[in-house]
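*Asks:* The residues making up each chain are set out below.
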Amino acid sequence: LAKTTQPPSMEAYEGQEVNVSCSHTNIATSEYIYWYRQVPHQGPQFIIQGYKDYVVNEVASLFISADRKLSTLSLPWVSLRDAAVYYCIVTALSNTNKVVFGTGTRLQVLP
Amino acid sequence: EAAVTQSPRNKVTVTGGNVTLSCRQTNSHNYMYWYRQDTGHGLRLIHYSYGAGNLQIGDVPDGYKATRTTQEDFFLLLELASPSQTSLYFCASSGQRNTEVFFGKGTRLTVV
Numbered sequence: 149l150a151k152t153t154q155p156p157s158m159e160a161y162e163g164q165e166v167n168v169s170c171s172h173t174n175i176a177t178s179e180y181i182y183w184y185r186q187v188p189h190q191g192p193q194f195i196i197q198g199y200k201d202y203v204v205n206e207v208a209s210l211f212i213s214a215d216r217k218l219s220t221l222s223l224p225w226v227s228l229r230d231a232a233v234y235y236c237i238v239t240a241l242s243n244t245n246k247v248v249f250g251t252g253t254r255l256q257v258l259p
Numbered sequence: 068e069a070a071v072t073q074s075p076r077n078k079v080t081v082t083g084g085n086v087t088l089s090c091r092q093t094n095s096h097n098y099m100y101w102y103r104q105d106t107g108h109g110l111r112l113i114h115y116s117y118g119a120g121n122l123q124i125g126d127v128p129d130g131y132k133a134t135r136t137t138q139e140d141f142f143l144l145l146e147l148a149s150p151s152q153t154s155l156y157f158c159a160s161s162g163q164r165n166t167e168v169f170f171g172k173g174t175r176l177t178v179v
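Line by line, the protein sequences give chains G and B.
Per this note's numbering: the first sequence ends with 259, consecutive numbering throughout.
Per this note's numbering: the second sequence ends with 179, consecutive numbering throughout.
To be clear, the hints were calculated from the coordinates, so they are not data collected in a lab.
Small disclaimer: the values here were computed from a predicted structure and weren't measured.
Check each hint, because a few of them may be wrong.
Label pairs and their computed distance ranges (CB to CB) [as the list claims (entries may be wrong)]:
| id | chain 1 | residue 1 | chain 2 | residue 2 | range |
| --- | --- | --- | --- | --- | --- |
| 1 | B | Ser95 | G | Asn205 | 43 to 53 Å |
| 2 | B | Thr82 | G | Ser213 | 40 to 50 Å |
| 3 | B | Asp126 | G | Pro155 | 17 to 27 Å |
| 4 | G | Asn174 | B | Asn121 | 44 to 54 Å |
The beta-carbon is built from N, C-alpha and C at its ideal position, and this holds for glycine as well.
Here chain G stands alone, though its shape is the one from the complex (with noise of 0.2 Å):
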């Protein structure tokens, strides 16, 4: 499984756009990307995953740079219910499943 860097922590202003890096320079050919964020007192909920190139979808997009060892996960205009730990994790499709998390970025949104 590949590892995953994150920023441990970033902030933000309400109404602005939010970049969350993710590097996993030992990604594999088989492997995935996702993305989770967790918010106080709740555990972890699926927000977006991708393989290459770019990934949208109703709450983030994804970006996944051409030899895929960088991953940013954008936030439009987040608001301060987007205060979370965001996981991003990387794992492949196989029998064993296993599915590690980092210890995360947390967003803090301020007012």
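Fit chain B to the supplied structure of chain G, relying on the hints for placement.
*Replies:* Only chain B this time, still in chain G's reference frame:
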């Protein structure tokens, strides 16, 4: 919406005590996981399973046993609880070919 239910939500036990944390998922998922979450460590994988009767060792298994009795039910056992096992425990499930993981609300365990 996928459902993962943990019980109890809170538990206090004494050092050396015997504790069982329960988890049930109604998602028809093959994979189930137990994690612990502590400040400064994020989520750490204790044990996981890909079907009834199966058990796989995670990254921090010492002091924990687990048993998957059915596809729906996954139990975490602490047979000699220690204060170092005071933590927030999450159970989760995922489908066989979809690693979107669905989490329960967590069990806060305190060992005094």
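*Asks:* Indicate, hint by hint, whether the structure satisfies it.
*Replies:* Okay, the hints, checked on the actual structure:
The given range of 43 to 53 Å is broken by serine 95 (chain B) and asparagine 205 (chain G), whose C-beta atoms sit roughly 24 Å from each other. A C-beta distance of roughly 49 Å is found between threonine 82 (chain B) and serine 213 (chain G), which places it inside the suggested range of 40 to 50 Å. A hinted range of 17 to 27 Å for the beta carbons of aspartate 126 (chain B) and proline 155 (chain G) is consistent with their spacing of about 22 Å. Restraint check, asparagine 174 (chain G) to asparagine 121 (chain B): a C-beta distance of roughly 28 Å breaks the suggested window 44 to 54 Å.
Comparing the model with each numbered hint stated earlier shows that hints 1, 4 do not hold.
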